[in-house]
Amino acid sequence: MNSMVQTINLTKKFGDFTANNKINLHVKEQEIKCIVGENGAGKSTLMNMLYGLLQPTDGKIIIRGREVTMKSPLDAIANGIGMVHQHFKLVPSLTVYENILLGLEIKKKKGSLSLPLIDKEAEIKCVEKLIRDHGFELNPTDKVEDISVGARQRVEILKMLYRNVNILILDEPTAVLTPQEVDQLIHTLKKLKEQGKTIIVITHKLREVMELADSITVIKQGSIVGDVLKAETSERQLAQMMVGRDVVLRVENLRKKSADTKVLYETRELTTVNETGKEVVSDISFKLHQGEILGIAGVEGNGQSELVKLLTGLMCSTKGNTWLMGKDITNWWPNQLREAGIGIIPEDRYAQGLCKEMSISENCIAGYHGQEDICRYGLHRTKKMKEKRDRFIQEFDIRLGDPNGMVGNLSGGNAQKVIIARELSAAPQILIACQPTRGVDIGSIEFIHKAILKFKEAGNAVILVSSELSEIMSLSDRVIVMYKGRISGEILPEKTSVEEVGLLMAGITPTEE
Amino acid sequence: MKQKEMIVKNILNSLVPILAAFILGGIIILAIGENPFTTYGILIRKSLFTWKGFLNTLHYATPLILTGLAIAVTFKANVYNMGVEGQMLLGGFFAGVAGAYLPLSTPLVGKLICFVIAALCGMLFALPPALLKARYQVNEMVVTLMLNYAVAKTLEFLTTGVFRDKSAGYVATPVISDTIMFQRIGSSRITAFFGMALIILFLMYILMNHSKLGFEMKAIGKNAEFAEATGMNVGKKIIILMLLSGALSGIAGAGWMMSDQFKYTLSFSENPGLGWDGMLISLLGSHSPIEILIASIFYAALKTGSDSINMYTSVPKEIVEIIQAIIILFLAVKFIKEKTGRKNRWKQSRKEAE
Amino acid sequence: MELLCNILYDTIYHSTPIILCVLGGLFAYRANVLNIALEGMMLNAAFVSVLVQYLTGNIFLAVLAAIVSTMLWGMVFSALGISFKGNVIVIGLGINLMTLAISKFVLKIMSLANISLKNIGAADFKIDIPLIKAIPILNVISGHPLITYIAFLAIVFVGILMYQTKFGVYVRVVGENEDSAISLGINSVYYKYAAVLLGSFFCALAGINLSLERMAMFTGGMTAGRGFIAIAAIYCGQGKPVVSAGYAILFGVARALAINLSIYAGPAAGMFDIIPYVLMVIVLAVVSYLKSKNEKLRIYKL
Chain A
1 MNSMVQTINL TKKFGDFTAN NKINLHVKEQ EIKCIVGENG AGKSTLMNML
51 YGLLQPTDGK IIIRGREVTM KSPLDAIANG IGMVHQHFKL VPSLTVYENI
101 LLGLEIKKKK GSLSLPLIDK EAEIKCVEKL IRDHGFELNP TDKVEDISVG
151 ARQRVEILKM LYRNVNILIL DEPTAVLTPQ EVDQLIHTLK KLKEQGKTII
201 VITHKLREVM ELADSITVIK QGSIVGDVLK AETSERQLAQ MMVGRDVVLR
251 VENLRKKSAD TKVLYETREL TTVNETGKEV VSDISFKLHQ GEILGIAGVE
301 GNGQSELVKL LTGLMCSTKG NTWLMGKDIT NWWPNQLREA GIGIIPEDRY
351 AQGLCKEMSI SENCIAGYHG QEDICRYGLH RTKKMKEKRD RFIQEFDIRL
401 GDPNGMVGNL SGGNAQKVII ARELSAAPQI LIACQPTRGV DIGSIEFIHK
451 AILKFKEAGN AVILVSSELS EIMSLSDRVI VMYKGRISGE ILPEKTSVEE
501 VGLLMAGITP TEE
Chain B
514 MKQKEMIVKN ILNSLVPILA AFILGGIIIL AIGENPFTTY GILIRKSLFT
564 WKGFLNTLHY ATPLILTGLA IAVTFKANVY NMGVEGQMLL GGFFAGVAGA
614 YLPLSTPLVG KLICFVIAAL CGMLFALPPA LLKARYQVNE MVVTLMLNYA
664 VAKTLEFLTT GVFRDKSAGY VATPVISDTI MFQRIGSSRI TAFFGMALII
714 LFLMYILMNH SKLGFEMKAI GKNAEFAEAT GMNVGKKIII LMLLSGALSG
764 IAGAGWMMSD QFKYTLSFSE NPGLGWDGML ISLLGSHSPI EILIASIFYA
814 ALKTGSDSIN MYTSVPKEIV EIIQAIIILF LAVKFIKEKT GRKNRWKQSR
864 KEAE
Chain C
868 MELLCNILYD TIYHSTPIIL CVLGGLFAYR ANVLNIALEG MMLNAAFVSV
918 LVQYLTGNIF LAVLAAIVST MLWGMVFSAL GISFKGNVIV IGLGINLMTL
968 AISKFVLKIM SLANISLKNI GAADFKIDIP LIKAIPILNV ISGHPLITYI
1018 AFLAIVFVGI LMYQTKFGVY VRVVGENEDS AISLGINSVY YKYAAVLLGS
1068 FFCALAGINL SLERMAMFTG GMTAGRGFIA IAAIYCGQGK PVVSAGYAIL
1118 FGVARALAIN LSIYAGPAAG MFDIIPYVLM VIVLAVVSYL KSKNEKLRIY
1168 KL
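Residue numbers (our numbering), protein chains in the order written: chain A, 1 to 513; chain B, 514 to 867; chain C, 868 to 1169.
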């Protein structure tokens, strides 16, 4: 087989930081290549260079034996390279067909004259044919904002296929899918490979790598540390290469029976609507016991995000109630919730949890900035703020260059530790942890998981929301699964298989026999 | 170390636009056949380098300090109260009306009453846009701009009608009573109002840099979602900040009334207006109190100097307005970026992407 | 009857510059570049057109100079705001102050309080439509200057441009999801520039209409906040061409009513001037209320 994509000593520097160091990648024609590595290892940088979004500092890119320079994604597409990004680049208010043909609109014709108007009928027909040819399930006239995440991903793939690419790059394609959808995607990709496409998949999920890949390249700290064929490797070996040491793949929760302990927190029939009036959270009722971690699982976009906003006071409910130890706290504001003893690790670290452009000490007090130890007569005590910051840095092992710097300069893991330190040191009784380890390096994941378990074992309770199913399954005592804003099932992780959870995530409740 | 760098950057970011504006202004002066250096020389010498001129400059800087602060407290929170001009006019007008019609016999209490009335007027103006913003996310910029026009028209109507001083040869309200006029100190125009503005400036400095509200103001301005998520009740804080801004504007108008104008005329705050000047000052001073003080003195110097230009050269004093506008245009762009900014920003976006 | 006709005629008359400003601001709004320099751009065109007409007596030159100079302000706005990534609100205000200062400066040099054209009058610009002129009531459509007709036709034109052409789609895509545009090689900077420049072209027409065509004169600050009213109308109409233009016409109605009814108001007539501004605030409040009625989110978008 011929070489399809090759890079020679490809290097990318940002100032004095080397994101990619002398990468020699080699992808053969018609193979599925998986590129694995930890968060921040430099996978995305490499792919962005292949797709023309970033220009290399040094080195060459060779496509089908010919050296190319790509200044923009257009050059990449012209060279037959297409990319499906992790965060889809779709326009929600436009329809499926408009998104697929974006940039290549079909114009109306009058005789041989081309009018400056768009021919919508011809566009729909064209996309219908494309969908049929590849055997996808999509309605071309649906608006993208109305379709599921899986369907959006198919739109992205079609967008690239319409542009006749031979090489398809997918960045973390499975992060937002149910286990069943993942299977479907793997099937689709294998079929595309048979049709002659070359596929590059970036991922850090090793199980999927083993199912999908023909060959695997491991990247660590900007350099290639391993190049293996699937047949000759194992999950364990890959993990070792990625991290550079033996890793405990999961922190185990020593589950105890907790059904008879007292209820700390309860919601009943919580319901809310989005700005168009559509119900996005429906009748959510659950009880949270002392010493329990309650996991909330589900494919992203099924109401978990809104539920978390409801629980953390960022959204109002239209119906239903929330109680904290018998006290009605429905629709309380975030400051009231924190005062009442609820710690919050928000979903989006840099949108809700931290302010990048504020200093670390300011971020360390945010949310508790009115508390007496640092605020007297409405005035802040700078010295106490600094003391608090230094205590956090020490206790939570936050690694930083300049303690007086901005939070934005911290790495993802350390930034997350600032939030965890802030919320846990206020000694709450309930912790609402949302995506606590997203975009965090493996070392910090371990630290954060241990901190959450320790918190629970001290007689408190945790609501854990995560799109990482493995995180939910290993940490939680009990899991509720959400689908389309409702609870589609409740399970005990040690007694349930991933497949069963997957069905619930897809809204399929197992029939009782 | 870092903080020093920041200050240097801030100063440079303010100086570059000023220099650019003076160079462009100089070209215009050249174009109409005058010497820019003599013009600028006159502009600065009379207003800054004579004792009396300097004190006059401080006098003119006084209301600008307050309107600058009024802009800063909202702009810093990313809320755009464009109604400072109208709030200032409203405050000035009703302070003037109270000063003329109410029997205010003691100087101190009388002034206090006028300031309170003016502050309330400014707050009254600021309240509807603040409520609309907080409750329904109505764009406060558009609302305050519209209300500015409405207030200007209303005051014009009241000045030419109900409150017109018939004995005056032109359109004006009656002169306020002597008891509540600020007395000039020495031969210059400066009054105790300047001292009052400095006290307010000091209080605002504490508020903006060391208080809970200041912390929240900053957080809201940098990242409103973060502010809400950390329990700052953004809507409520917007109302508070808008009211504070309105009060400061009203006080600026009342002070200007009692220390300089003594009656309301249609050119009470001149053109483009003390409120608009306040905006430039706040931008020039990057919304921080100490720098606002410096900026308002610089700005008042331009203003007093522009009268000298008119007297000693054939350059119209409107050249100063052009220079001011160029400064604003260039202030919008940060010429000196934070040194490590780009790299760090990139690092973060990369981390988010993965 | 007479009164009704006057009100209708004045509605069209007063709507025109605001409609043009709205159409001018729309594309920038949809491309996510808030252009609050509409006011200044309009003032610039109003000033330059009358000034050039005054100096040269050549109407063609006057119009051309107004359009070119206004689009130059569009370039300044785009360069500072889009290429140098400055704060567009501050830039917009800077341009507003700048154009005002320049007009005052030039008037001062020429030792004039305002420019009033002698050899040409507002009546010279009026165009009658043959048949309609004779029909009662409907005849209010006739007898307007050229740009008024252009303004109303432009509503349709802009509607088509926005929804039926590549240009419109790309502008909306750039505004809604810039990353998406970039990933497909759509030059987002180019479309933002184009949106702003197209806007300044419409503002130029608005300015020419305001000063040269309608009054044959220029006075300082004659735009009187119309640019900001246009922004309010765009907000109310959420950037949809026809709806936003509708709000512009609503302002025209308010203005026409205020002018025609103030005759009967006696001494309180002066207060009628504030009606259009207050009305715009009320409309904006109602529209925003309806829009946020279902909003359960407590997060402010500042």
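Hints may be right or wrong, so weigh each one.
Said to hold, decoys possible - Reference listing, derived: stretches of chain A covered by chain B, where coverage requires no fewer than 3 residues with Cβ under 8 Å from a Cβ of chain B: (1) 337-347; (2) 378-390; (3) 488-501.
Stated by the list, open to error - When the alpha-carbon atoms are kept at most 35 Å apart in a straight line, the in silico DSBU-like pairs for lysine-lysine are as follows: (4) 666/B <-> 1160/C; (5) 971/C <-> 776/B; (6) 454/A <-> 735/B; (7) 143/A <-> 22/A; (8) 205/A <-> 454/A; (9) 89/A <-> 666/B; (10) 1107/C <-> 110/A.
What the hints assert, rightly or not - Chain B residues, not near chain C, derived (Cβ > 10 Å throughout): (11) 539; (12) 545; (13) 562; (14) 563; (15) 629; (16) 661; (17) 681; (18) 688; (19) 698; (20) 719; (21) 726; (22) 737; (23) 779; (24) 841; (25) 846.
Hints were generated in silico from the structure; no laboratory data involved.
Remember, predicted model here, so these are calculated numbers, not experimental data.
Think of the CB as a built atom: it goes at the ideal place given N, C-alpha and C, for glycine as much as any other residue.
Fill in: Hint check against the structure, violated hint numbers in rising order
Result: hints 3, 7, 9, 12, 16, 22, 24, 25 break, sorted rising.
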